[in-house]
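Following the hints, put chain G in place on chain L, whose structure we already have.
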Amino acid sequence: MGENQSDEPIKNTARDVSRRKFITKAMTGAGVTAAAILADERAAAADAASGNSIKIPAEFDEAARLRAVKAEFPMNGAQAFARVCKEEGLAALFSCPGNYAIVNAIAQEGIPTYSGRHEGAMCHAADGFCRVTGEIAAASGTEGPGFTNMINAIAAANAARSPVLVLASNVALRTEDTEAGIQLGYQQPNTEGLKKYGKRLINPARVHEYGAYAFRQLRSGVPRPVHLDFPAEVSRASFKASSDLDYFYDKTKYRTDARPHPDPKALRAAVELLKTAQRPIIVSSNGVFYSRAWDALKKLAEKGDIAVVESGAMKGQFSDAHRLSANAAPGALASADVVLLVGQYCMPTIGEFAFGPDARTIRIDPNLEDIGRNLPIDVGIVSCERAALEALADAVPTMKHDAWIAEVAAARKKFEDELEVFYRQGASYTDAVHPAVIAKELTDFMYRGKLPKEQTTFVSGGYGIARYVRRWLRGYRPGQILNGAYQYGDIGPDLGYAFGAAVAVRHGVGPQGPYQGAPVICVTGDAGIGYTIMELETASKYRMPIIVIVYNNNAWGTWTGNARSPLTLSLHLFQENLRYDKVGEALGAHGEYVTTPDAFRGALERCYQIAANESRPSIINCQAKKEFWIKQRYEPGFLGTVEPGCMSYNH
Amino acid sequence: MVRPRPSSRDALSIVREKLQAYAERGVFQGFCEHTTRRGLPVFRFVWLAGRPMELTVDTAKHVLRFQQILPGVPARSPMYAQLKGFIADRHDRDLPEHRRVDRRRAAASCTSRSGSVSISLAVKHNQYAYGANRIVNLVHELFVYLRDTCPEYLVENFDAPQE
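For the protein sequence lines, the chains are L and G, in the order given. Quick note on numbering: the first sequence equals residues 1 to 651 in this note's numbering. Quick note on numbering: the second sequence equals residues 1 to 163 in this note's numbering.
For the record, the hints were derived by calculation from the structure and aren't laboratory data. Just so it is clear, CB atoms sit at the ideal spot from N, CA and C, and this is done for glycine as well. Worth double-checking, as some hints may not be accurate.
[To be verified] Within a straight-line C-alpha distance of at most 16 angstroms, the following computed EDC-like cross-link-like pairs (lysine to aspartate or glutamate) qualify:
hint, chain 1, residue 1, chain 2, residue 2
1, L, Lys414, G, Asp89
2, L, Lys631, G, Glu152
3, L, Lys275, L, Asp378
4, L, Lys631, G, Asp148
5, L, Lys55, L, Glu614
6, G, Lys18, L, Glu88
7, L, Lys414, G, Asp94
8, L, Lys251, L, Glu369
9, L, Lys414, G, Asp148
10, L, Lys196, L, Asp378
11, L, Lys298, L, Asp358
12, L, Lys86, L, Asp250
13, L, Lys413, G, Asp94
[Stated by the list, open to error] Covered by chain L, per the in silico footprint, the following chain G stretches (three or more residues, Cβ under 8 angstroms):
hint, stretch
14, 43-51
15, 135-141
[Stated by the list, open to error] Non-contacting residues of chain G with respect to chain L, defined by C-beta distances greater than 12 angstroms in every case (computed):
hint, residue
16, Arg25
17, Thr111
18, Lys124
19, Asn126
20, Arg147
Looking at chain L on its own, in the form it has when it is part of the complex:
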């Protein structure tokens, strides 16, 4: 189903994705070692001997050849709902089998639909899709367990303020409270506190109305998940004509594209405060991305000569290549005297952002009730972020803050110099792969090699490894960086996020348009990959060009807190030297096992060749060791964070 609408249809029937063919093509890439060739030949021989190579079923190609059919009356409840989804621009659906009537109807409308191995991972995929496109994506699971498998991902999407539409079947109203059959339950309470809006639909004639209301919730104010349940009486209801449905209007009759604009008085107060500032800074967060306000942001920053730093669930709305970017200048943040927070939905408490106690604060947020939460404000502006930034850009005079921007530049250089020290320290440890080596060489590859630095969409995940990689990551265009399990901090969503991001890039949705089809890179940890590694099979069957880099230090990130507790330390450890690369190979992906720092770059290049030339996933298992977190033995040890900016993750 997922390939129905793809601009890159699958070309071959019953394709053979055995390791033999895989590696033969990959060998055209640079840096293949003799040892790797020998290992691959052994694997190919094993494939040939068994006669059972991994194949994608012919049904995938058959589905790709079929055209979407728009439902017309007479239609059922699922089709009526799917019509709303199509009209409202639902951009993708991620599912596992179940909730068939709804899933099939949405797929029939031509909305890209994908099926994975676990509902939770697919819900993470929907979240990931939202966070790199700004569009709405849906996740679906069957009633009962399929739905509850999504709970963690819904919670993560809620914390990240993602407009994920959660859909679940709900058996049938007629079986209410009977425990007839299986999987019965009232599902809405399970998402209490994890959603913006939820509804178990009980009146079939109002399915269109509630569908429309769900999209109004998703598209207005601060986005968060919306959860709808579909009992069989609703999804299978039959409607002969539109008159059978209540409130069956065109969307121009049930909603508006108008957005709240800033109050002129508040705007004037903000301009006056900015005019008095010597060291102003803008914090650009989720709201700038979802309101597509990056052009207005740039205009305001350049006209006012105002530094810009990012935070939030995604990054890249303001290019790190810009002279005003303070993303990688943590040392300058405490100097700011006026801070303009825009679309900072997840607010830090006092002291969590590095701005000093004398800094004055302006906050732009679409929700009146949220202004002033956690951080005291000097000026509050209730508005759509784009409308407010456009108005401010028009209202502020042209200003210059040369000394301040020079201070930001100096702080940026100091930070980059520190990263170089970390890299040299990491590269000096030759018996395992240090995280600084991964971070430096990966970002050299993405930003300073043959690839355009704007090209690669990146999923930044993991725990300890993320504290390194984030310091090196840079965003050069909107939707380029997906900031892991932002704020909620769950373990293991990264491969799900990467799948959603890869679908977005494949279809060229929103800001991913210019990079359609490009490989996506994801970094995660060995604890995290254990949760979702089966989705490598999903990526493989859909031929998604995802490169997953696993930082394998044989331990949960929590082990350091138990380092002095011999009784409990083992609770935080795995078996050492586990071969996640081989698991990946068994699922149809390409695998690399990297045990020394000098081997990482070659493995990355081989995987990129495979992704770019064959549109297939890879997994690079980087063998590290847990002791890298001990500063006294392996400087720089476990790293902290300074927010906002490239390191920010909590807010």
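Then chain G, alone, in the frame of chain L:
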């Protein structure tokens, strides 16, 4: 020009006024004032990491001090040496003026007693307004520094989240 010397009451008022302003802006919570057993004025408030902090004002010695602000840092520990370096660096001429503690106007230092670190600022020439502003900013920067370089310390001693 000779600056007029404020009386001890004036000095305390100046510090109180500066701190009260932070409280009125919502930076400090639960701001209140009392005296120590030795009769020194103490300002108490909740600020960073959600913990109560105490700032004593010794106008006789011209010293402002955040008392026992960091627990669990023995005097002979590498972390204490690191902290001393950080405090000393606040006087660095390479720092922008708005971030620096000007040696001509104040001197910052830290001490560790019974494993708890206190941060002090000796005010020179009765520049209490400057001193109050600098020590508050210095402590803010100290916590930013700890978040950057000592995350596990904050997890163990301030209930900071591990991630």
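Structure versus earlier hints, numbers of those that do not hold, lowest first:
Per hint list: 6, 8, 10, 11, 16, 20 violated.
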